[in-house]
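Chain by chain, the residues run as shown.
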Amino acid sequence: MLDFPRWKTISISLVLALGVLLAIPSLLPASVGQYYPGFLPQAKVNLGLDLQGGSHILLEGDPADVAAQRLQNMEETVRGAMRSATPRIGIGDISREGGRLSFLVRDVGQVDAAREAILPLTTGAGLTGQRDWDIEVRDTSRIVLTPTDAGLTEALDQAMETATEVVRKRIDELGTREPTIIRQGDNRIVVQVPGLDDPEALKELLGQTAELEFKLVDLNASPEDIAAGRAPVGSEIVPYPSNPAGGTAIAVRRLGGIRGDKLTNAQQSFDQQTNEPVVSITFDRDGGTRFARLTQQNVNKPFAIILDGEVLSAPNINEPILGGSAQISGNFTTESANQLAIALRSGALPIELKVVEERSVGPDLGAESIQLGMLAGAVGTVAVLAFMIITYGRFGVYANIALILNILLILGVMALMNATLTLPGIAGFVLTIGAAVDANVLINERIREERKNGRRIIQAIEVGYTEASRAIYDANITNVIAAVLLFLFGSGPVRGFAVVLMIGIVTSVWTAVYVTRMFVAIWLKRARPRELVI
Amino acid sequence: MKLLKLVPDDTNFRFLRWRKIAMTISLLSIIASIVLVGVRGLNLGVDFVGGQMIQVTFDKVAEAPVADLRDDIEALNLGESTIQRFGEPNQVSVRMRLSGDNVDEVNAVTSRVTQMITTEYAAQGARIDGVDSVSGKVSGELLSTGVYSLVFAMMAIAVYIWFRFEWQFGVAALFALVHDVTLTFGFFALTQLEFNLNIVAALLTIIGYSLNDTIVVFDRVRENLRKYRKMDMIALLDLSTNETLARTIMTTLTMLIALMALLLIGPGVIFGFTAAMTLGLFVGSYSSVYMANPILVWLGVGAHSFVPHATDADKAAAKLKEGMGGGAQP
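Chains as they are written, first to last, in my numbering: chain A, 1 to 534; chain B, 1 to 330.
Derived from the structure by calculation, the hints contain no laboratory data.
For clarity, every value in this text was computed on a predicted model and none was experimentally measured.
Glycine included, every Cβ here is placed at the ideal spot set by N, Cα and C.
Possibly wrong hints are sitting among the right ones.
Claimed, not checked - Okay, the calculated bits of chain B under chain A, using three or more residues with CB under 8 Å as the criterion: (1) 175–187; (2) 249–260; (3) 269–281; (4) 287–301.
Said to hold, decoys possible - Below 25 Å or equal to it, Euclidean Cα-Cα: the simulated DSS-like pairs (lysine-lysine) are: (5) A/Lys452 x B/Lys137; (6) A/Lys452 x B/Lys230; (7) A/Lys354 x B/Lys137.
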């Protein structure tokens, strides 16, 4: 016990010094922190959303949505390929039932040619060269395209990847600080935005697919047909909730429209005549040309502005719009117009996202939580410290120094790992304080016991440490097992708690067993006590 | 300086004399807990049933207008709601269960309620402090992962103890854990405190710390089994419990101090969490003595138990210690 080697003392002191150095930035208030020298570690413990306020939002994309979209695209591709084949291949009875695309080739002699033409469209762009679609010929002239699982997975993955980027752009546009946007699992995105005032607006912004289309209104459709959902050939019925002419839908031409992905800019502004909030958009060169042509050819006809499958408004084309910019009106408020502008600037989501989980904490509640949590932690710590000194005297003081070092070490490791402190994390902190002394209680009680059994001072301390260590290790390894499972299965704040628990277990065992041992060894060497008060 | 000694030297309580009564009480309370959970049910939070919880603080009044709020929310006709105080008297939580899978519906309800509160109660300084809304799908996942984590933790810990001690010790520890967890469930059914994700975290922590006690006693039992080969098992368990009694009480007290600080001063948001931990602290100490020990007796642990395997276990322990830079064995 007396021969505590010098190298051990030095290395333990170095680790402690490093830990304290890492912990300092997190402890300094911001006003003092700016004077903290730049060559020292700067990393701070992050505060969880439940402490600083903010929103945690879990978005989920529907794989069926991607599958349907993909089927529709395939139909258009196939139609195009058949039309442009030489000679042209006539097809009919196209159906998308059961997630498959099937159609009849009118001339049985052309089935092979059709198959040949489609084949290159069904191979994925992936490195593996896996097929995206299986082609089958049924009943001699019906071609059936079935999406493969690999193709669907690939498509979903791409859609989610793009969606994550779009979500990131939209949140960046909001100008919030340090948002976290992470893809999770196959079809989910976690969004964490600290210090947000209005989570509702964020949710609306993320929930908007923002697929903008301009299509001509089909004036030939009778109101009865529209009400019954029957569209004239080449047209489709689109809901129009705020139709000034009455009714809740109108018919628009399927083809000849322009999609809103050909934009270079979108801004909220006000209509010059009515002073209503509108969104001004600017087309790119291609979009501008097509928009000019569309408006030139259809002067005095109405066209529909369709957002996410719903008509916003259907203004009349009074004159050709040649400048490549246009205004979207549609009963906006300033906020909703601004939101749409942001959504249009960041592009359309390739998959509709739904909020499946939301946890928002206001900044006031967060501040209150951190204040009360810290107060409780401080009171608990001071009480435990006092209790230890009353009970174990000198050995209690050693345990207390170890405990304080332990607190600093936990903070330091958390700062190093860039870990997040949550409210349950503070509770974990306080518990670690209660439990950290357990190791020293075990050791000290054992030393008392060995003294009582008549061992000499040094031997009693030696046996106390070694015998108690066994139970300390076993007990703490089981705690690590529980903490690891907590981390694996927990979510959000609970994970933060598990992280504190894990770090705390490791550092507390180390400080309680080795650091106190070092103090005791130094004391024994210097004082050579004849009596042991414990 | 005279130091505080909570437990006098050489206590000799015959703890296990009461083992049959204690076991009966334990089994009865386990059954009672299960019945309570079955009859009263748990007050499951939105984490596990889906729906939304809105926390509101009324800044300009001393007490939250709960009755008015209840009427106003009922008038919205959005389904059943639970309004509870939490923390300060001017803070309430509004909980609505919407277990349906329709995500849009949940979100729509959330925004309608928050809008109503901020506009209707502006005079009372209503401030939305927090919104938790969870769809049925996610809450189902949270529930199943919560259950898995509890079951896995108990199994993993039992297996670890089996490796470090003997299989009987693993079984005994597992029963002690089941006892602790079941009683905590019973407590939540009885008090109808909200059972949410935080409580699962508390349960896992209880499992970990309750094991601390059990392992400390087991470790001493193992040591004494080697030391006193001829001692009667029950006397030996009593001796081990008495020898570790000072530590058990001391540790329980320090943990209790820390928990009391959280319970009395800490934020209201984690009240249920700390309440569960406090209960677990006592239940865990009790079960180490009266659940784990009697099972050791009934499973036939005796002087023969550590003869063949002990050397292996000790070698491993010694190796572990060497690797970690510890001192030599005495």
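Structure-inconsistent hints, enumerated in ascending order: 1, 4, 5
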